[in-house]
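S.K.: With the hints as extra help, turn the sequences into a complete structure.
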Amino acid sequence: MSTTNTGFSWRKGIITVIMFAISILFLMPFIWMLITSFKLEKDVFVYPIEWIPKQWHAIENYKEVWVGDYPFWKYYLNSIKVGVTTTVISALLSSLAAYGFSKIKFKGSNFLFLIVLATYMVPSQAILIPQFILYRQIGLFDSLCGLILLSSFSVLGTFMLRQFFMGVHQEFIESAKIDGANHMRIFWSIGLPLVKPAVATYAILRFIWTWNDYQNPLIFLRTDSLFTIPLAMQKFTSLSGEFYSLIMAAAVSAILPLLIVFIIGQKSVIEGIALGGVKG
Amino acid sequence: MMETSPQVIGKLEKPKKVRSLQSGETLAGLLFVSPMLIGVFVLVLLPIVATIVLSFADWNFVQGWKGIDWVGFGNFEKLFHDDQFLRSVRNNFVFLLAVPVYMLISMVLAVLIDRHVYLKSYFKVAYFMPYISSIVAVAIVWQVLFQPSYGPINQVLHTLGFSNPPKWIADPHYALISIMMIVVWTSIGFNMIIYTAGLQSIPKDLYEAADIDGANGWTKFARITFPLLSPTSFFLLVTGVIATFKVFDIIAVMTQGGPIGSTSLMVWYLYDTAFVNLKVGYASSIAVMLFVFVLLITFGQWITQKKWVNY
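Chains as they are written, first to last, in this note's numbering: chain A, 1092 to 1371; chain B, 427 to 737.
Keep in mind the hints are simulated off the structure, nothing from the lab. You can take every hint at face value.
Okay, derived cross-link-like pairs now, DSBU-like style, lysine-lysine, Cα gap no bigger than 30 Å in a straight line:
hint, chain 1, residue 1, chain 2, residue 2
1, B, K630, A, K1358
2, A, K1172, B, K672
3, B, K672, A, K1358
M.R.: Here is the structure:
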């Protein structure tokens, strides 16, 4: 039986069905989470599992999560603030540095890049203590501003975007220089527009990573009103105790916005990871 | 004489201006990279040095600067006799086993999805979902799923005839492996995408040639796909191994290193020592050991890569 590119292949069809079944099993935790978030608390652990809730309690559950005693909308605002600001700053700094390291030939550039490259290997936890001490000294501890700064200087963006800038032909830059443009102008009007898709990919990824970041908020935030979603999620869980339907509604609320961002930018995220990963 | 094109004129004029041009380039270069470099310097490089310095001190946060007591290699001597540290190191090495497991699963999935199914983009999104999901939310969901008596997983296992299913994260013998299973689950998406990209770079005519020679699917996988994916596998192995040394969130949310230290990894022990017990100097020496391990392992992988990576 040969697989041709045109027409339906039974072999391919059967593998698709099997793979689909496996993917459902793979996604089971998400499915269970979603369905549980619609249930009455007493039905959560009913067995055999009710895949379609007999009694719906969805609106009440989500209302409790969003505007109840521990209202999620407040923490959402924090997460959006931190996520958007970090993404903008990080994308800007990374593309500037990436352009500098790939399109400007200057003394010491290789050495400096090597240093940046080496820091990527350092586990972030290994430098937490001095960061913590530093933050307490300069008053950035327990502030959203401090949290934003921490993840704005991630060197990953510099690598990723450098790969893409290296793909921009040097002739573009040289001819612009002959026309009298300085590097800042070249960067804004030629370099950046050419790597825009890569910057978008990085921005989506940075937003996702910042949104999901748990470790930095855990260590650098103390005030409840500053908490971002992951911390709020954990606190909500400990406050709700055994109310699993509410906890699952909170989990859905924590995951859903990212899922939307991801599905919208799906193609560029997956391609970006593939490119950045294999080359990086 | 030949005509002189504008370009040649430009070249002829260059020597006079080259010095100022070059220093102009250096200045521009530094201006472009300095915002990032200053951040990296203050928030990463300085802290690395500070961590190494602090690892020689006996110090507690609450004592203030005057409370620092320099103890030389005292912290490290203590570490080598610290059962919980040694246990954490051992757990970290056990954890490494998760890497080849998810790499293999991801490779098989990538091959199947790339060549043998319809609805490719559905599968990519589906397997990628755990990777983009908030690890705190995911950890909390798994915590409930793993609940020993009434959690859905054990209820299903009961129905399937397992009268005494494991207690998962509540059981010291199963806790680490439960966490590893979740890490495998969350890592498949990323690895699969990278493998899919790796597959694109394998020339199609190799498979056509193999078809002519009458090779079956398995032979093609073993003789073409697997070896030609080795640079990708190498990349994933290096990043995967380093990533296991950074696993923190899931431990912090699900087990806090317990039960009885069975899921304590170096990073968790570091956090616990520094931010719960406030022993800054001792925690810094754990951080230094973490550096050393990551460096040694990366170095070791670079050395051995020649033996099995085909470029």
